[in-house]
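Protein chains in written order, with my numbering: chain Y, 25 to 372; chain D, 25 to 372.
Check before you lean on any hint, since a few could be wrong.
Chain copies aren't distinguished; within one or between two, either way the pair holds.
Claimed, not checked - Keeping only pairs whose Cα atoms sit at most 30 Å apart, straight-line, the calculated DSS-like set for lysine-lysine is: (1) 310 x 68; (2) 145 x 359; (3) 32 x 341; (4) 316 x 145; (5) 32 x 359; (6) 341 x 68; (7) 210 x 316; (8) 215 x 313; (9) 312 x 349; (10) 215 x 142; (11) 359 x 35; (12) 96 x 68; (13) 352 x 210; (14) 167 x 349; (15) 359 x 215; (16) 167 x 352; (17) 312 x 142; (18) 96 x 349; (19) 359 x 316; (20) 215 x 341; (21) 348 x 96; (22) 215 x 312; (23) 341 x 359; (24) 30 x 210; (25) 30 x 96; (26) 331 x 167; (27) 215 x 310; (28) 30 x 352; (29) 96 x 359.
Hints in this document: simulated from the structure, not taken from any laboratory.
One letter stands for each residue in the lines below.
Protein chains: 2
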Amino acid sequence: MNPRRKSKAIKIGKVTVGGNAPIVVQSMTKTDTRNVMSTINQIKELEDCDCELVRVAVPDREAAEALKAIKKAVSAPIIADIHFDFRLALEALNAGVEGLRLNPGNIGEPERVTTVAKACKERGVPIRIGVNAGSLPRAQNPKLNVAEQMVEVAMRQIRLLESLNYDLIKVSLKAFDVPTTIEAYKDIAQKIPYPLHIGITEAGPPRSGIIRSTVGISTLLYLGIGDTIRVSLSAPPREEVIAGYEILKSLSLRQHGPILVSCPSCGRAEVDIINLAEAVEEELLKIKKPIKVAVMGCVVNGPGEAKDADIGIACGKGRAILFKKGEKIATIEEKDFLVALMAEVERF
Amino acid sequence: MNPRRKSKAIKIGKVTVGGNAPIVVQSMTKTDTRNVMSTINQIKELEDCDCELVRVAVPDREAAEALKAIKKAVSAPIIADIHFDFRLALEALNAGVEGLRLNPGNIGEPERVTTVAKACKERGVPIRIGVNAGSLPRAQNPKLNVAEQMVEVAMRQIRLLESLNYDLIKVSLKAFDVPTTIEAYKDIAQKIPYPLHIGITEAGPPRSGIIRSTVGISTLLYLGIGDTIRVSLSAPPREEVIAGYEILKSLSLRQHGPILVSCPSCGRAEVDIINLAEAVEEELLKIKKPIKVAVMGCVVNGPGEAKDADIGIACGKGRAILFKKGEKIATIEEKDFLVALMAEVERF
């Protein structure tokens with residue numbers, strides 16, 4: 025893996041993004057922001073699954089007003105998502121949000137951005153310049169491809185903020201097309217010192233969207249690019265957070281709860297590995313500690329992988345060997361597989 | 025993206041792997057191979073979702089014998105998965121399989137591999153040298169890390185086959201650990217001209233396994249490495265194939281059926297985008313043609329992304345605009361969203 029790109033650290037409330045800070049997992053509420061109770065409940069659900077930053081759409085004044093009550097009830101830093109109307113950014117700041125996202129494609133005149141940046145500077149609140157391929161400003165240089173256009177739009181906004189001596193900047197350049205997104209981030213990563221928020225926009229429902237998001241985000245992380253990630257799914261936001269941590273765990277960039285190794289099963293397996301693995305995965309969702317658990321179906325890789333795990337089970341016909349840190353600790357009967365394995369996991 | 029690594033093309037029955045051939049999607053049956061009917065049925069299911077190569081475990085002589093009847097009933101090339109006993113490889117060849125997979129970690133003495141390679145050469149049948157971190161041969165150089173050990177084990181087997189003037193070789197080096205897997209493939213990609221089968225081993229059930237597999241496979245593909253892919257999931261094999269194509273589509277490496285762009289929804293949306301997107305995804309599973317469909321929740325990126333799609337819908341309060349190739353073609357009521365969108369998709 026490429027070493028992580030060095031970026032300037034910024035603070036969004038209590039959460040550091042960039043520098044040597046862990047790569048931050050974030051999501052966004054999907055409730056009507058004006059519905060204070062349902063929005064608070066969704067933010068609490070996100071906190072429960074360790075979502076570290078929560079973005080909230082602010083489409084109108086009533087939503088900006090609702091932020092005051094929401095802020096009082098939650099502990100995750102809140103980022104107000106602003107489009108079109110810069111005055112909503114000012115109202116969100118007054119409500120106490122810890123971060124802003126502005127879309128240069130629709131925020132309008134530089135004077136408006138200047139007004140917002142000054143208010144942010146007074147409060148020490150960072151701004152994400154959130155460029156999106158689906159909402160670029162109209163007049164683009166037709167000689168540039170979409171990736172280059174996104175970079176140009178971001179750079180124009182960055183230069184404006186820098187001219188105001190404001191540098192609490194985070195940048196994103198999202199497209200649905202993965203190669204376009206990667207090209208844009210690779211380019212801007214070399215041009216600016218600011219932390220990067222990475223993701224694939226409008227990636228779709230979980231079945232296809234998790235894969236598209238993972239392809240884009242993991243490739244960028246492998247290249248050393250990305251300080252905070254958001255998996256965009258047409259699904260409850262909790263799913264975005266779970267997927268985000270799985271990406272980071274797969275690249276050994278963060279620990280977060282258990283890791284499950286399980287074989288795909290094949291004509292060699294003599295027990296129902298697919299159902300056993302799914303049952304173990306369900307049980308592991310309740311466990312917070314980082315522990316590596318292996319569920320293996322046969323003698324080929326079974327003992328090898330099970331040994332490498334903290335707790336592992338290598339199944340044969342009707343019975344299995346239970347391993348702990350490479351040591352066989354018991355032989356168990358098929359009816360006890362799940363219970364015996366989970367008992368060891370709890371005990372570990 | 026890096027240009028694809030140049031590799032020697034080999035033919036597994038009617039399917040070319042390597043060279044300029046499209047990256048091949050493969051899977052493996054999970055039925056008891058000796059149960060001929062259930063194995064044939066699963067292979068037909070795999071053929072139905074465009075699985076291009078099917079691997080079948082051959083744990084004993086009865087399974088090898090079953091291959092004869094299986095071969096007669098299916099059209100996808102069959103690869104026999106052999107561990108421990110080289111005689112099963114010879115029997116599988118007699119049953120007519122188009123490919124073999126040998127695990128150097130357990131196949132035993134060079135003389136045995138030599139016997140198998142000679143039989144393969146007579147028939148023009150390729151061998152995959154399938155190294156797995158969980159089943160390396162016992163005596164490994166302790167100064168080498170796991171990635172280096174996997175490469176060394178593969179290279180020893182490759183040199184043996186080359187010394188027999190046999191070059192219908194494909195290689196895989198799979199670990200559960202993604203960085204280890206990537207390191208191993210990057211190394212061997214520079215050492216040999218043969219096509220590479222890529223994947224992450226024992227990646228787990230779908231929730232975590234799809235992400236882990238996608239992280240490993242997509243990063244390698246981005247680096248230009250990989251001629252055939254297998255997504256390993258503790259799940260029905262059909263899920264592996266669907267995931268495999270989604271990875272290839274996300275990197276624009278292959279077309280395969282529809283692509284769905286859909287927004288994650290947020291506090292700005294005035295319709296239930298999550299349910300609409302999932303319903304559209306369900307409907308699109310029935311459609312084979314490559315078509316890009318967008319389901320967007322609001323005016324921010326909605327019209328931009330919907331315009332870029334073949335057929336798109338950009339929703340507002342209670343109604344939406346239907347787009348076709350960038351042109352507005354209708355305004356539709358909320359109750360008609362799904363039906364009107366799918367009617368246009370069918371017509372396209």
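Taking the hints in turn, this is what the structure says about them:
1. 310 x 68: Within. Shortest intra-copy distance 17 Å satisfies the 30 Å Cα cut-off; inter-copy 38 Å does not.
2. 145 x 359: neither (63 Å within a copy, 47 Å between copies)
3. 32 x 341: neither (56 Å within a copy, 41 Å between copies)
4. 316 x 145: Classified as neither: same-chain Cα gap 45 Å, cross-chain 42 Å, threshold 30 Å.
5. 32 x 359: So residue 32 and residue 359 fail the 30 Å test inside a copy (54 Å) and across (49 Å) alike.
6. 341 x 68: Between copies, since 28 Å is at most 30 Å while 45 Å is not.
7. 210 x 316: between (33 Å within a copy, 26 Å between copies)
8. 215 x 313: The answer is neither: 39 Å in one copy and 41 Å across copies each exceed 30 Å.
9. 312 x 349: The answer is within: 19 Å in one copy meets 30 Å, while 48 Å across copies does not.
10. 215 x 142: For residue 215 and residue 142, only the intra-copy Cα distance (24 Å) is at most 30 Å; the inter-copy one is 57 Å.
11. 359 x 35: Answer is neither: 51 Å inside a copy and 45 Å across each miss the 30 Å cutoff.
12. 96 x 68: within (12 Å within a copy, 58 Å between copies)
13. 352 x 210: Classified as neither: same-chain Cα gap 47 Å, cross-chain 35 Å, threshold 30 Å.
14. 167 x 349: between (59 Å within a copy, 22 Å between copies)
15. 359 x 215: Neither way: residue 359 and residue 215 sit 59 Å apart in one copy and 48 Å across, limit 30 Å.
16. 167 x 352: between (65 Å within a copy, 26 Å between copies)
17. 312 x 142: neither (42 Å within a copy, 53 Å between copies)
18. 96 x 349: neither (46 Å within a copy, 46 Å between copies)
19. 359 x 316: The answer is within: 22 Å in one copy meets 30 Å, while 48 Å across copies does not.
20. 215 x 341: neither (59 Å within a copy, 41 Å between copies)
21. 348 x 96: neither (46 Å within a copy, 45 Å between copies)
22. 215 x 312: Answer is neither; intra-copy 39 Å and inter-copy 42 Å both fail.
23. 341 x 359: For residue 341 and residue 359, the Cα distance is within 30 Å only inside one copy (12 Å; across copies 54 Å).
24. 30 x 210: Classified as both: same-chain Cα gap 13 Å, cross-chain 25 Å, threshold 30 Å.
25. 30 x 96: neither (34 Å within a copy, 59 Å between copies)
26. 331 x 167: Answer is between: at 20 Å across copies they meet the 30 Å cutoff, but 57 Å inside does not.
27. 215 x 310: The answer is neither: 43 Å in one copy and 45 Å across copies each exceed 30 Å.
28. 30 x 352: neither (44 Å within a copy, 45 Å between copies)
29. 96 x 359: neither (50 Å within a copy, 38 Å between copies)
Hint compliance for this structure: hints 2, 3, 4, 5, 8, 11, 13, 15, 17, 18, 20, 21, 22, 25, 27, 28 and 29 are not met, and every other hint is.
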